[in-house]
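Take each chain as given, in its own frame, and dock them per the hints.
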Amino acid sequence: MITLEANSLIFRFPKVHDNAKSAIQFQRTLRIPDDGKHYPLPPGLGAFPLRHVEDFADRVPEQWHERAGVMMPLYQAEAMWIAFRGAGWWWSSRYPFAIKIAAGKINAVSGKPWKPELDGSERDYIVLPEQPWLDGFCVAKDVIRQFVAMPLGSGYSVEEQITGKPEHGGLQIIVYPMRRERYEALERRRERVLAKRQLFAAPARARAMGLAAGGRMTQQIYADPHGLDAWDQSVSSRCFVSLVDAVQWREITGEAPPTRPPTAADYTKAGLPWFDYYAADLETLGGAQALALVKSVAEMAEAKGEQVLGADGEVNPDTIIHLGPGKLLRSKGRPVREGKL
Amino acid sequence: MSYTLNMTGFGDYVRTARATRAETDVRFSLRQVAQRIAVEPAYLSKIERGLVAPPSEATIIRLATDLGEDPDVLLALAGKVGSDLQAIILRRPKQFAELIRQLKNAPDHALLKVVREVRDGKW
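Protein chains in written order, with the numbering used here: chain A, 4 to 344; chain B, 651 to 773.
Rather than coming from a laboratory, the hints here were simulated on the basis of the structure. Any given hint might turn out to be false.
What the hints assert, rightly or not - Here are some chain B residues pointing at chain A (derived, C-beta under 7 Å):
hint, residue
1, Ala747
2, Glu748
3, His759
4, Val765
5, Glu767
6, Val768
7, Arg769
8, Lys772
9, Trp773
Stated by the list, open to error - Cβ-to-Cβ under 8 Å is the rule here; a few derived chain B residues that face chain A:
hint, residue
10, Leu762
11, Arg766
12, Asp770
13, Gly771
Unchecked claim - Here are some chain B residues the structure puts well away from chain A; computed CB gaps all over 12 Å:
hint, residue
14, Thr666
15, Leu680
16, Ala684
17, Tyr693
18, Arg699
19, Pro705
20, Ser706
21, Ala708
22, Thr709
23, Ile739
24, Phe746
25, Leu749
26, Arg751
27, Lys754
28, Asn755
29, Lys763
Glycine residues also receive a C-beta, built at the ideal position from the N, C-alpha and C atoms.
The shape of chain B in the complex, shown without the other chains (with noise of 0.2 Å):
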């Protein structure tokens, strides 16, 4: 699954995913997740227009949560990638970098593939 990069597709996929909760949950208001992930109501009805850059990680962490979406993939769609990402990277930069380029047009079973399972053993 790709995503578009840009500030309006993280404002638009904010809005939608609040949105559609907010349809059958009034928790999901703009007041009310504004008020749980600790931001002014305008400021997260602006993030969701597009009209301010989205805003920093533990505040896009904290929005994530509450809507139950993926981290990763809201840090993605605003053009950042997570500490903990860039912890794993710099402590071997090379390697990951060389790998990511390896994998970039890899379909989704093929990453899949590289993923560590659990092993199963004789029980």
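Okay, chain A solo, but in the shape it has when bound (with noise of 0.2 Å):
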């Protein structure tokens, strides 16, 4: 089961165990500079706000009430990452997870067309708790490129430059729970180890976005360190997250949505930190093809002649805090500053 908690998606399998439960977080941040240089990782600014779609059936588009799910508001060209569990989180469950994160229904890891089975040979889902975050697209080993929202049939989104249509849009997710006897052989390892969520007249009519390719970041994504007979897919929770132009928040649901990010250079000019992870002892994947080959949204916009970034201005990320397995701040997280930047 999901529920929708304080800006969070829970997952839940009481039926498998009782710890069986983890949070996925949608993260406002700086949209880093699309100038072909890697840039570490950058802060958290505070979590998107979610919405039931349901809740505002008579403001959505039909295809969206079919689709069910949530709501979030991205400004065009604002960028996102997606947390699984974080600082200041009141539970930080251990429990293993396997996790298919799409975009547009491509799925973000392999770059294949959206299928909701694990496929060990496509290597196509990640683990929790190895991965923390998801900050883009995966296009090489240890690189991905941010993800970056654009109107849906605009061509710049993924989903658009891999299948020629802006069909679906949106976040799609799809998680499975480890195997309740892996995860108490697991947990006795560890034991061991440990001893050492108003009605207007008028439909709005929603802009739909979708999530393109920005710069690049070096980010390590996680192989399965468990293999494929270790999830349970007898059992498993979907979501469709719908991503709405910021815009036009406030005209669905009523509410402002979040102010627009600083720029990253305004935010390094300012001495505040960027961020890496790294997990040394841990399998990383390889980048998929299909998602390499992919326009960034300033290649394609030069391509198409038009103008929809802003400047991104020289950023030179001085402070970098390493974070991963082993390290002080290991226990906090990719630490998330809520309030105006």
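So, in structure tokens, the structure goes:
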């Protein structure tokens, strides 16, 4: 089952195990420059608001109502990252999960069309708790291209570039818990080691957004260290996350959307930190060729002769905080900065 | 899951949660946690030992956030109900009072059945 609590999607599998619960949050962040350089991980600027789509059924397209799930607001060219658990969350279960993430039903790890089941040969899923965050599309080994929202139908989204059609947009997520017996065996090993969510007259024509590829970032996508047979594929929970143009958020929900995030240049000039996460002992996945061939927003804008991004300015992250297993800050995770910036 | 409600229970819970984290991360020393949640170390020490009543709701929430604990659990252990929950109950006191009484002995899995799920559709 999936519930929406404090702008987080909470996944629970009480029939598998009482501890089988995890959370997904979508974090506002800086859009890194799309200039060919590889950037470290940008900060979290607070969680995007999430709302049940069915609560606004009279103000969203019929297709959204059929998909159900939740929706969130993003401005054109705004970036985001996905947090699988994080600092300040009241629980941080170590129960392992296999999660498939797609944008416009294109798998963000493999670049292949969406299919719900896990397939070890495709290596198209991420594993919790090893993978704390996902910031973009996996285009090469240890390199991702940042998730950047663009209007569906404008030709920028990864979905449109790969399929040629602006059909789905949004994000698709499916979660599988580890088999109970495998988890309990894992816990016994750990313990030994430790011993040592108004009505308006007119429905809004909500503009759907899709995720496009932004600037390059260094981020490891870890391979499954448990093996395909560790996952209980007899149960799963899935969710469609519709992306709404933030300028239409108030018209649909009656609520103010978040403010626009600062530019990467302004953030860096203010001396604020960037991040790096590295787990030396885990195998990382190579990039997906289909995703590597996708044009970034800047490349597509240049090819189309359009101006869709503001000037990025010179960005030289000087302050980089290294996170990861064995690091001092591991228990607090990637810091999330709430409030206005 | 149920929790015992008393002053020492709150202090014990906080001390255990903080000390466990302090074993692997020096930032969870009594002094550093106290500094981050804006109280005197001596006051936090007294709270942990059950020598003073639990702090204000705002301080409990800062403490829970810093320790990565559930604020509702810490508030309950302190014998308090969060102001957000109070506001919800006060809007429809009769209905919520009855709901809580009806559910008081229900097992956790039954409580989860009354929680609103995110609906999945066709896609």
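To see whether the hints hold, each was checked on the structure:
1. Ala747: violated, 21 Å
2. Glu748: violated, 21 Å
3. His759: holds, 5 Å
4. Val765: It holds, given that the least Cβ distance between Val765/B and chain A is near 5 Å, below 7 Å.
5. Glu767: holds, 5 Å
6. Val768: Holds: closest Cβ of chain A sits about 4 Å from Val768/B, inside 7 Å.
7. Arg769: Holds, because the Cβ-Cβ distance from Arg769/B to chain A comes to roughly 4 Å (cut-off 7 Å).
8. Lys772: holds, 5 Å
9. Trp773: holds, 4 Å
10. Leu762: holds, 6 Å
11. Arg766: holds, 6 Å
12. Asp770: holds, 6 Å
13. Gly771: Given a least distance of 3 Å, the restraint on Gly771/B holds.
14. Thr666: holds, 15 Å
15. Leu680: Its Cβ never comes within 12 Å of chain A, the nearest being 16 Å, so this holds.
16. Ala684: Label holds. Min Cβ-Cβ 17 Å, cutoff 12 Å.
17. Tyr693: holds, 22 Å
18. Arg699: holds, 24 Å
19. Pro705: Fine: 18 Å to the nearest Cβ keeps Pro705/B off the interface.
20. Ser706: holds, 19 Å
21. Ala708: holds, 15 Å
22. Thr709: Correct as stated: the minimum Cβ-Cβ distance to chain A is 16 Å, above 12 Å.
23. Ile739: holds, 17 Å
24. Phe746: holds, 16 Å
25. Leu749: It holds; Leu749/B is separated from chain A by about 17 Å at its closest Cβ, greater than 12 Å.
26. Arg751: Fine: 23 Å to the nearest Cβ keeps Arg751/B off the interface.
27. Lys754: Non-interface label stands for Lys754/B: nearest chain A Cβ at 19 Å, farther than 12 Å.
28. Asn755: holds, 18 Å
29. Lys763: Check fails; 9 Å does not lie beyond 12 Å.
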